[in-house]
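With the hints as constraints, model all of the structure from the sequences given.
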Amino acid sequence: MSGMRRRDFVKSIMAVPVTAPYLLGEQAATTPPPAQTGAAAPPSSQPAETAAAASQQRLLEPNGMQIAASVPDQFARTEAHYFSDTQYATLRKMCEVMMPSLNGYPDALQAGAPEFLDFLIGASPPDRQQMYGSGLDRLNSESQSRFRIPFAEVSAEQADALLRPWLRAWIPEHPPSEPYERFINLAHHDIRTATMNSQVWSVAVTSGGDRPPGVGMYWSPIDPDIQRYV
Amino acid sequence: MAQEIVDVLIVGSGHSGGMAARILTEKGISCLLLNAGPVVDFRKDRELKPAYELPYRGFNMPGRLPHVFQADEFNANVWVDEKEVPYTFNPQHPYNWVRVRLFGGRSLFWARQSFRLSNYEFKAKDHDGFGDNWPIDLGDLAPYYSRVEAIFRVRGQADHLPQYPDGNFVVDDSPWSGSMQRFVNAGTKLDVPVCKARSAMGVDGLASSINLLLPDAFNTGRLTAIPNVVVRELTVDRNTGLVNGAHFVDRHSRREMYVQARVVVLAAGTLESTRLLLNSGLANSSGVLGHYLTDQVYGPGIICSVPEARNGKGSNGIMGGSALIPRFRNINTKAKNFLRGYALNCYSSPRGMSPSVFPAYGAELQKKLDSYDGSGFGTSMMGEVLSYYKNHVSINKNVVDAWGIPVLDVETAYTDNEFNMARDAVDVSVAMAEEAGFEVLCKNYEPNPPGYSIHEQGTCRMGDDPKTSVLNKWNQSHDIRNLFVVDASSFVCGGWQNPTMTILALSMRASEYLAEQMRQRNL
Numbered sequence: 006m007s008g009m010r011r012r013d014f015v016k017s018i019m020a021v022p023v024t025a026p027y028l029l030g031e032q033a034a035t036t037p038p039p040a041q042t043g044a045a046a047p048p049s050s051q052p053a054e055t056a057a058a059a060s061q062q063r064l065l066e067p068n069g070m071q072i073a074a075s076v077p078d079q080f081a082r083t084e085a086h087y088f089s090d091t092q093y094a095t096l097r098k099m100c101e102v103m104m105p106s107l108n109g110y111p112d113a114l115q116a117g118a119p120e121f122l123d124f125l126i127g128a129s130p131p132d133r134q135q136m137y138g139s140g141l142d143r144l145n146s147e148s149q150s151r152f153r154i155p156f157a158e159v160s161a162e163q164a165d166a167l168l169r170p171w172l173r174a175w176i177p178e179h180p181p182s183e184p185y186e187r188f189i190n191l192a193h194h195d196i197r198t199a200t201m202n203s204q205v206w207s208v209a210v211t212s213g214g215d216r217p218p219g220v221g222m223y224w225s226p227i228d229p230d231i232q233r234y235v
Numbered sequence: 028m029a030q031e032i033v034d035v036l037i038v039g040s041g042h043s044g045g046m047a048a049r050i051l052t053e054k055g056i057s058c059l060l061l062n063a064g065p066v067v068d069f070r071k072d073r074e075l076k077p078a079y080e081l082p083y084r085g086f087n088m089p090g091r092l093p094h095v096f097q098a099d100e101f102n103a104n105v106w107v108d109e110k111e112v113p114y115t116f117n118p119q120h121p122y123n124w125v126r127v128r129l130f131g132g133r134s135l136f137w138a139r140q141s142f143r144l145s146n147y148e149f150k151a152k153d154h155d156g157f158g159d160n161w162p163i164d165l166g167d168l169a170p171y172y173s174r175v176e177a178i179f180r181v182r183g184q185a186d187h188l189p190q191y192p193d194g195n196f197v198v199d200d201s202p203w204s205g206s207m208q209r210f211v212n213a214g215t216k217l218d219v220p221v222c223k224a225r226s227a228m229g230v231d232g233l234a235s236s237i238n239l240l241l242p243d244a245f246n247t248g249r250l251t252a253i254p255n256v257v258v259r260e261l262t263v264d265r266n267t268g269l270v271n272g273a274h275f276v277d278r279h280s281r282r283e284m285y286v287q288a289r290v291v292v293l294a295a296g297t298l299e300s301t302r303l304l305l306n307s308g309l310a311n312s313s314g315v316l317g318h319y320l321t322d323q324v325y326g327p328g329i330i331c332s333v334p335e336a337r338n339g340k341g342s343n344g345i346m347g348g349s350a351l352i353p354r355f356r357n358i359n360t361k362a363k364n365f366l367r368g369y370a371l372n373c374y375s376s377p378r379g380m381s382p383s384v385f386p387a388y389g390a391e392l393q394k395k396l397d398s399y400d401g402s403g404f405g406t407s408m409m410g411e412v413l414s415y416y417k418n419h420v421s422i423n424k425n426v427v428d429a430w431g432i433p434v435l436d437v438e439t440a441y442t443d444n445e446f447n448m449a450r451d452a453v454d455v456s457v458a459m460a461e462e463a464g465f466e467v468l469c470k471n472y473e474p475n476p477p478g479y480s481i482h483e484q485g486t487c488r489m490g491d492d493p494k495t496s497v498l499n500k501w502n503q504s505h506d507i508r509n510l511f512v513v514d515a516s517s518f519v520c521g522g523w524q525n526p527t528m529t530i531l532a533l534s535m536r537a538s539e540y541l542a543e544q545m546r547q548r549n550l
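Chains as they are written, first to last, in this note's numbering: chain Z, 6 to 235; chain C, 28 to 550.
Honestly, the hints are just simulated from the structure, not real lab data. Each residue gets a CB set at the ideal place from its N, CA and C atoms; glycine is no exception. Check before you lean on any hint, since a few could be wrong.
Some chain Z residues flagged as far from chain C (calculated, every beta-carbon gap over 12 Å) [as the list claims (entries may be wrong)]:
| # | residue |
| --- | --- |
| 1 | Arg143 |
| 2 | Glu178 |
| 3 | Ser203 |
Partial chain Z-side listing against chain C, Cβ under 10 Å, derived [said to hold, decoys possible]:
| # | residue |
| --- | --- |
| 4 | Ala85 |
| 5 | Ser89 |
| 6 | Thr91 |
| 7 | Tyr93 |
| 8 | Phe121 |
| 9 | Leu172 |
| 10 | Tyr223 |
| 11 | Pro229 |
Across the chosen pairs, the derived CB separations fall in these ranges [said to hold, decoys possible]:
| # | chain 1 | residue 1 | chain 2 | residue 2 | range |
| --- | --- | --- | --- | --- | --- |
| 12 | Z | Pro170 | C | Asp164 | 55 to 65 Å |
| 13 | Z | Asp165 | C | Asp186 | 45 to 55 Å |
| 14 | Z | Ile72 | C | Lys110 | 28 to 38 Å |
| 15 | Z | Pro155 | C | Asn212 | 47 to 57 Å |
| 16 | Z | Tyr234 | C | Glu111 | 15 to 25 Å |
| 17 | C | Val197 | Z | Gly127 | 47 to 57 Å |
Below, the structure is given as structure tokens:
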């Protein structure tokens, strides 16, 4: 892939709102100065007790320690156990068809999207679980009745015949309301997000010299409520 | 043990509380400000992170903040947790109560659109016969708007439209982009005004109480602020009938505290101020406390593409910029099936398109995204919600928050007026886009649930008659003369405008009145 082509591709994916698209007009607060990197090294001429105190301070603030932290996805695969075997096979096929490898970027299967969505939906409220469960069941059922094979075994053309009629153009936050349309369109959105927000996708983009998508300003818990033990 | 009686107790640190603190301390009055949440440290509390480092890859944590559509995994920690401070509603009529309790409140995150109300809002009943007039008009508030606009450095252009009053602007004389000029021309043809947007520039990228209001108050040496304390109830002197203090609880330890005050100013945000009054059993001889809840209709709009900007051709001055279509319905003509009106935010985006606007997937979708990149144009509606007595909040004594304080039950719903208005807003958007030669890719008629706009107003309305209103025209309780409520709960109606400039102007005006009353020893 030429560098130019790859950059164009990245440019288009960068714009994809892989995070919530309508943050409450968050203000561009003043860019904070770089974090202090700890107490400056004391000049050698300072009194011994001051140097000792500075040394103690360095112990308390172990600046410069490089901990090579990683994320588990770099080495491990999510164990899927929420969906039934048939539902999971249907979801894998949706991922394969709707988010293939393009321009050298990982596809949804390489990004672990099916396993991640199995985890995510398994941890979700009942209405989302119901939407996915019944949607996957219906997709497989329609494949059986139309092509007499499970959706997991359909060709690309057969998958297109089953999926395309349900795709809609929709404004973010307002997906279709008809339940099956809603499932097809939201599952597509989720598959793209799970893929493009994956670590393997980020590595692929970064290795091309571009800024990866899915980077945002993360707010830590701010002085959260304390635990109570009595 | 401290038993000092504070001169003025201010509850809340957002725009309204910050303005009250600034004005009162500059007038020589000592204030104690209480805030329910912590102080933000912008250096410590946030950092850039890739989504894959977050537990849910950038998806919302399942089940968290189900009524804050603005939340995502990156910003989830800035919103009030719905389990920690719950509220209730009929599931058939959901309400999105979007709250921030950090020091500075929602002033940390607002979208900074800065508008004045016009006399089409202040004197709405005179114009169309519905609802009630405010006890003040634009002339009363204009001097305060001007001072607020100077503090917040509002950028805009004079348009000389009575429904879109001009202000004290940093003049925006930038030219329209090519696509926006075409939209302006389409508006001229269809008799729809397309104006420059108006926005608070603030200072150093922030237009919050924490950088524009509270620093001046602290510099007087007369302001003390306590974060992380949740006010439970106001108390009243039985002999005088005046408010004389507040019970509050330490957010972390749950230690119960009490402070005495000569005057109380509530600025906790529309529904929290009203909740506190309802839980205190105060200021409700009229029986309208909690009633006339309104907000604004958000959600309806369209997304288009500017054909000439596709395939990398959008960089030649065609794309970029934003505009505002102020209310134009029911000004000189009468709409057939709704009262009042709406505004439209318009934007021309040189950035990428959302994949959801294309009914495609895989390589076909990518081809669309590549081709349409940088050609997006859209509108979104901001519509007035009519003010009805039946839309109200009350205390649900069966549910309490993390500090044992009874929560609010919200009962409100949109009517045909709002739905008809939304349909008109989208149809007008489509007509203008097609007149401008844009391709309309998708449209949405469905409003987001009430509350989504984060512009909740009313429930503690002002008025001249103590039998039909809670506050007088100075934001002062009719019942308790040393009690003031200076946030948007005082609004009689909300119009289509972002309420922030009006909240700030009202708080400034009320605080100067309060200071003068204290100087004359009337309080």
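Broken hints, by number | Hints 2, 3, 4, 5, 6, 7 contradicted; others consistent.
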